[in-house]
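**Q** Protein sequence lines correspond, in order, to chains W and X.
All the letters of the first sequence, read from the start, carry residue numbers 347 to 838 under the numbering used here.
All the letters of the second sequence, read from the start, carry residue numbers 59 to 493 under the numbering used here.
A portion of the hints provided could be inaccurate.
Computed spacing ranges between beta-carbons, pair by pair [as the list claims (entries may be wrong)]: (1) W:474 with X:435: 22 to 30 Å; (2) W:480 with X:173: 27 to 35 Å; (3) X:65 with W:361: 29 to 37 Å; (4) W:649 with X:351: 38 to 46 Å; (5) W:391 with X:128: 43 to 51 Å; (6) W:619 with X:225: 35 to 43 Å; (7) X:205 with W:402: 55 to 63 Å; (8) W:529 with X:123: 35 to 43 Å; (9) X:170 with W:366: 48 to 56 Å.
Quick look at which bits of chain W chain X covers, simulated, 3 or more residues with Cβ under 8 Å [stated by the list, open to error]: (10) 378-386; (11) 421-428; (12) 558-572; (13) 681-692.
By construction, these hints were calculated from the structure, which means they are not laboratory data.
By construction, the Cβ of each residue, glycine as well, lies at the ideal position given by its N, Cα and C atoms.
The chain contents come next:
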Amino acid sequence: MGDPGVNIERQAQVRARLAALLPAESILFEREDTRPYECDGLSAYRQQPMLVVLPANEDEVRAVLVACHDMRVPVVPRGAGTGLSGGALPMGDGVLLSLARMKKILSLDPAARMARVQPGVRNLAISEAAAPYGLYYAPDPSSQIACTIGGNVAENSGGVHCLKYGLTVHNVARVRGLTIAGEVVEFGSEALDAAGYDLLALMIGSEGMLAVVTEVSVRLVPKPETARCIMASFDDVERAGDAVAGIIAAGIIPAGLEMMDQAATRAVEAFAHAGYDLEAKALLLCEADGNPEEVAGEIARMSEVLQRQGATAIRVSRSEAERLLFWAGRKAAFPAVGRISPDYYCMDGTIPRKRLGEMLRFIAAMEAKYGLRCPNVFHAGDGNLHPLILFDANVPDELHRTEQFAAEVLEKCIALGGTITGEHGVGIEKINQMCVQFSASELALMRGVKAAFDPDGLLNPAKNIPTLHRCAEHGGMHVRAGRLAHPELPRF
Amino acid sequence: MQTHLADWIKDTPEGIAAEAILRKCVHCGFCNATCPTYQLRGDELDGPRGRIYLIKQMLEGEPVSARTGLHLDRCLTCRACETTCPSGVQYGKLVDIGRAVAARKLERPWFDRLQRRVLAGVLPRPWLFAPLVTLGRWFRWLLPASLAAKVPADAPAAGARPPIRHARRMLVLAGCVQPALSPDINAAAARVLDRIGISLVEAEGAGCCGALRFHLDYQADGLQDMRRLIDAWWPLVEQGGIEAIVMTASGCGVTVKEYGHHLAGDPAYRDKAARISAMTRDLSEVLQAERVLLERALETTHETTHETASARLDSRATDKPDARSIAFHPPCTLQHGQQLRGVAEGILSAAGFKLVPVPDAHLCCGSAGTYSLLQPALSSQLQADKVAALQSGDASMILTANIGCQSHLAAAARLPVRHWVVALDERMAEMESFK
Numbered sequence: 347m348g349d350p351g352v353n354i355e356r357q358a359q360v361r362a363r364l365a366a367l368l369p370a371e372s373i374l375f376e377r378e379d380t381r382p383y384e385c386d387g388l389s390a391y392r393q394q395p396m397l398v399v400l401p402a403n404e405d406e407v408r409a410v411l412v413a414c415h416d417m418r419v420p421v422v423p424r425g426a427g428t429g430l431s432g433g434a435l436p437m438g439d440g441v442l443l444s445l446a447r448m449k450k451i452l453s454l455d456p457a458a459r460m461a462r463v464q465p466g467v468r469n470l471a472i473s474e475a476a477a478p479y480g481l482y483y484a485p486d487p488s489s490q491i492a493c494t495i496g497g498n499v500a501e502n503s504g505g506v507h508c509l510k511y512g513l514t515v516h517n518v519a520r521v522r523g524l525t526i527a528g529e530v531v532e533f534g535s536e537a538l539d540a541a542g543y544d545l546l547a548l549m550i551g552s553e554g555m556l557a558v559v560t561e562v563s564v565r566l567v568p569k570p571e572t573a574r575c576i577m578a579s580f581d582d583v584e585r586a587g588d589a590v591a592g593i594i595a596a597g598i599i600p601a602g603l604e605m606m607d608q609a610a611t612r613a614v615e616a617f618a619h620a621g622y623d624l625e626a627k628a629l630l631l632c633e634a635d636g637n638p639e640e641v642a643g644e645i646a647r648m649s650e651v652l653q654r655q656g657a658t659a660i661r662v663s664r665s666e667a668e669r670l671l672f673w674a675g676r677k678a679a680f681p682a683v684g685r686i687s688p689d690y691y692c693m694d695g696t697i698p699r700k701r702l703g704e705m706l707r708f709i710a711a712m713e714a715k716y717g718l719r720c721p722n723v724f725h726a727g728d729g730n731l732h733p734l735i736l737f738d739a740n741v742p743d744e745l746h747r748t749e750q751f752a753a754e755v756l757e758k759c760i761a762l763g764g765t766i767t768g769e770h771g772v773g774i775e776k777i778n779q780m781c782v783q784f785s786a787s788e789l790a791l792m793r794g795v796k797a798a799f800d801p802d803g804l805l806n807p808a809k810n811i812p813t814l815h816r817c818a819e820h821g822g823m824h825v826r827a828g829r830l831a832h833p834e835l836p837r838f
Numbered sequence: 059m060q061t062h063l064a065d066w067i068k069d070t071p072e073g074i075a076a077e078a079i080l081r082k083c084v085h086c087g088f089c090n091a092t093c094p095t096y097q098l099r100g101d102e103l104d105g106p107r108g109r110i111y112l113i114k115q116m117l118e119g120e121p122v123s124a125r126t127g128l129h130l131d132r133c134l135t136c137r138a139c140e141t142t143c144p145s146g147v148q149y150g151k152l153v154d155i156g157r158a159v160a161a162r163k164l165e166r167p168w169f170d171r172l173q174r175r176v177l178a179g180v181l182p183r184p185w186l187f188a189p190l191v192t193l194g195r196w197f198r199w200l201l202p203a204s205l206a207a208k209v210p211a212d213a214p215a216a217g218a219r220p221p222i223r224h225a226r227r228m229l230v231l232a233g234c235v236q237p238a239l240s241p242d243i244n245a246a247a248a249r250v251l252d253r254i255g256i257s258l259v260e261a262e263g264a265g266c267c268g269a270l271r272f273h274l275d276y277q278a279d280g281l282q283d284m285r286r287l288i289d290a291w292w293p294l295v296e297q298g299g300i301e302a303i304v305m306t307a308s309g310c311g312v313t314v315k316e317y318g319h320h321l322a323g324d325p326a327y328r329d330k331a332a333r334i335s336a337m338t339r340d341l342s343e344v345l346q347a348e349r350v351l352l353e354r355a356l357e358t359t360h361e362t363t364h365e366t367a368s369a370r371l372d373s374r375a376t377d378k379p380d381a382r383s384i385a386f387h388p389p390c391t392l393q394h395g396q397q398l399r400g401v402a403e404g405i406l407s408a409a410g411f412k413l414v415p416v417p418d419a420h421l422c423c424g425s426a427g428t429y430s431l432l433q434p435a436l437s438s439q440l441q442a443d444k445v446a447a448l449q450s451g452d453a454s455m456i457l458t459a460n461i462g463c464q465s466h467l468a469a470a471a472r473l474p475v476r477h478w479v480v481a482l483d484e485r486m487a488e489m490e491s492f493k
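Could you build all of it, start to finish, from the sequences and the hints given here?
**A** Shown next, in the form of C-alpha cells:
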C-alpha cells in the first residue's frame, strides 16, 4: 500500500534499477518497512521515504548515488537517526541512504593518535577502541552512545566537553566522501595542514548537502590523568548565569561547564539518581581535567569563584564513579524528559554568555504566553542553550504552539547577538530562521557552494540552506521588530 | 511520540497499556546502541526503536504482514534497551502486547507453527524432556551437527542434598529443563544456603514458570502454567514459614517476579500472583542479604590466602591461568530483566574469585529461551561473539546464572561453563577441607 507522498510507479522504476546493484534485503520499499524510518530524533517532523537503502560498503554507496543521479532522485543520508534538527528527515520522492551498516574501525594508530573509521561507527565506539592506548575521541554529544561519526560530521556535533576540546570540526583531520555523481572527494588530510582552501571545514556541518561521508579520520587525544567535577547549587537562575561568566572571566577553561534549571534537574534525577540538589533553582556542573595538581588547583579556583557568586551548596566528586554519575543525568537529560511529557522539542541556540539571564527571563515569559512548560539545559560555558519545550502531540494545536514558541526563542537568540544553532545543525527545524539570520545575497552564495558540488540539487536538498523562495514564504508570515525579512523578494 | 490507536484496541486493557508505554518513547534512538540485533543488522527495523514503531503501526490499524512478525521474532527480549532507555519505556511489556496482537493477525507458515508446537509441548515437561535428552546423548552420532551441538554432554553429578534441618526455609523452583541438563545447580544452592542456616524446599507438582510457552505465541498456555505453579506453591506459602522463593535460573526469576503483572487481569489469581512476585528473589539477592552469614562461612579464606597466593605463583610458573580467575556472563534476564548488576559478581569476589574484565558484557549470548532454535543464524553469531569476549582474558572458567545461557555457551566454549553457585559451593567445600 502506498503513502500519499510516495509515487508508486516512480518507486517501482527506481527500485528496479537499485535491485540490480544491491542485495534484496538492503532495499526497503513496503510502507510497513519504510515508515519506521519516517523521522530521526526530531519526531515531530515525519515523511515516509520512497525507498530506504542500506549499503554495506563504499562501492554500494557509489552505485546507489550514480543510479539516483542518473534518475534525478533526491538522496537523504542518515546515520543513527539521533539528530535533533531533522537533518535526516526523508523525502517522499527520495531515497533514504542509511550508512549504519558501514561501522568498521579501519585503523587506529596510537603513535599518530589517529583513527580511520567508516561513517556508521558510533561516537562512543571510537573512544572505547582507543581506550587501551590511553586515548579517546573528545567531542561527546549527549547521544554519543548511539550517534555515528558520519552524522557528527554532517551536523558538526558538539558535546559537554567542547568548551575545552572543540566541536567535530576541531577533531577531524580528513573526510572522504562521494558526490551525488559518485565521484570520490577527499577533504583535509592526516597531515597537519592541507594545501589550498580549507574545504574540510566547509564539509563539516554541511548536513549531507555536498557529499556523502564514507570515511573519516579522527584525531584522538590522551585521556586526562584525572578529572573531577563540581556540582554547585544556586537559588537563582540568573545568579548561576553570572557565575558561568565569572568562571570564564577568571581565565579558567573548564573541561565542561553545564547548567540545568530546576525543572530539568527534577526530570533527570528520576532516571540517573545522581543525587542532584532538587531544591536548587539552577545547578552548575564544572569539570576540571589534567594531572592531579592541575585539577586540584582548578577545582579550588572554580570553587572560590562559585562561592563568591553566591552558590548555596558545592559538592566535588570524590571518585571517578561519582563524577560519571554527575554527568549521567546531564547526558540523559533530553530523553529523560520523556518521563514527564509525551513529547518535547529540543532547541539549540547560542547567545553571548553575559545575556544568559535576559534569555532565561524571556523563555519564562514565553512559557506563560504559550501555556507550555520549558525546562532548560545549557552548555553554559559556550552560551549554547537547549530549552526543551514540553508538549503533547496528541493534543491538537500543541505542536503548532510549540513551533511558534521555538521560533520566537531562536529569533531572540539572533536579537541578543547570538546564532540559531550551537551544535545540532539547522536541518529542517531551523531552516526558516536561516532567513532571519542571513541576507538573500548570503544565502544565494551558500546555494552557490552547494551547486558547485551538486548542480542538480539532489543531495539532502531541503535542509540547512533555505531557498530564497522558502524565505519569502516565511518572511511573508513573520514581521520582526516592525521589519519584513527580505523586503527585496517578491511575495507569493 | 504521537499515537492514534485504532478503535478496536484503543479502550482494551492491552491498548491502554500499550498507549501509556508508547507515549513515553521520545524516539531518541539510544536503545539501538545496546541492542544486539541492531548491532548485527544495522537496520532500524531490527532495533527497539523500529520495533516500537512497527508495533505502533499495527496498533494504529495499518495493514500488517509477516514482515512485522519477522522483526518481532528477531527480538531476543533481552531488554538491554530498557537499561539504556532514559525515558523509562517498558519495552518488554510492549513487545508482549505486540506479539500477542501479531499472533492474532498473522498466520505463521506450517513449519514454523509445528516447530513452536513441539517446543511448547516438550520443553516445559520434564518427564518428556529428560528422556529425550538422554536419547539424544545416546544417538548423538545420528543427529545432524546443528542439533547434536545442542544436546549437552553428560549432566554433571548433583552431589548430595543436605537434609531439611533449619528453621529458616525458602522455596526453590526446580525448573523444567534445568534438572535434566544441570542437576548440580539446585543441589549446590541447597548446600550453600544450608551452610548459612537456610534450608531449601521444593514444592510437589511445581512445573514450568510459564516463560517458555508465553514466549512461543502460546500466551494463554503460559498464563495457565503460571497459575499451576502458583497453585503448587500456595499451600506452602499460606502455611507460613517460607521466607522467600529462590530462583537459581534468572530466566524463570524474571518471569515469576512479573506474575503480578501477567495475572493482573485475573481476579482469581491477581492477589496471589502479586504476593508470589513480592516473595521472589534471585539467588544472588538472597546471598547478598545474608552477606554477614556468608562471609562468616567464608572466613577460612584468610587461612587459605597463602594457598591461593602459592596457587597463583604455580600457575605463573606453569603458564596456566589461575584456577580462581573467572569470566562472568550476566544473563540478560538478570542484568536487564531484573536490573541486578554486580551482585553475584560481588559475592564471587568476596569468595576469592578473580573476575576477568569481559568486553560488551551488556550484550545477549543469543540463547534467549527458544531463540537459539528459532533464529539460529543470529543466535550463533551472538554466541560466537560472546564466547570470544568471555575467552579474551585469562579466565579458566565461565560462570553464569541461567541454565539457558549456560547450555548455549557450553556448546561453543573452550572453557568449562557453569552456574556461579556451583563454583561457590566447591570453593566453600574446599575451604572446609582445610579447616
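**Q** A separate judgement is required for each hint: does it hold in the structure or not?
**A** Do the hints match the structure? See the list:
1. Checked against the hint of 22 to 30 Å, the C-beta distance between residue 474 of chain W and residue 435 of chain X comes to roughly 26 Å, which is consistent with it.
2. Our hint of 27 to 35 Å for residue 480 of chain W and residue 173 of chain X is violated, since their Cβ atoms are close to 50 Å apart.
3. A hinted range of 29 to 37 Å holds for the C-beta pair residue 65 of chain X and residue 361 of chain W, which are about 34 Å apart.
4. For residue 649 of chain W paired with residue 351 of chain X, a C-beta distance near 45 Å keeps the hint of 38 to 46 Å intact.
5. Distance hint for residue 391 of chain W and residue 128 of chain X: a CB-CB separation of about 28 Å, inconsistent with the stated range 43 to 51 Å.
6. At about 37 Å, the beta-carbon gap between residue 619 of chain W and residue 225 of chain X stays in the expected band of 35 to 43 Å.
7. The hinted range of 55 to 63 Å is not satisfied by residue 205 of chain X and residue 402 of chain W, whose Cβ atoms lie roughly 31 Å apart.
8. Separation of residue 529 of chain W from residue 123 of chain X is about 39 Å and conforms to the stated range, judged on CB atoms against 35 to 43 Å.
9. Our hint of 48 to 56 Å for residue 170 of chain X and residue 366 of chain W is violated, since their Cβ atoms are close to 31 Å apart.
10. Here's how the stretch 378-386 of chain W fares: 7 of its residues keep a CB closer than 8 Å to some CB of chain X, so the rule of at least three is met and the hint holds.
11. Coverage of the stretch 421-428 of chain W by chain X holds [criterion: at least 3 residues with CB-CB distance below 8 Å; count 3].
12. By the rule of at least three residues with a Cβ nearer than 8 Å to a Cβ of chain X, the coverage given for the stretch 558-572 of chain W is violated, with 0 such residues.
13. For the stretch 681-692 of chain W, the stated coverage by chain X holds: 8 residues have a C-beta nearer than 8 Å to a C-beta of that chain, and at least 3 were required.
Going down the numbered hints, you'll see the structure goes against 2, 5, 7, 9, 12, while the others check out.
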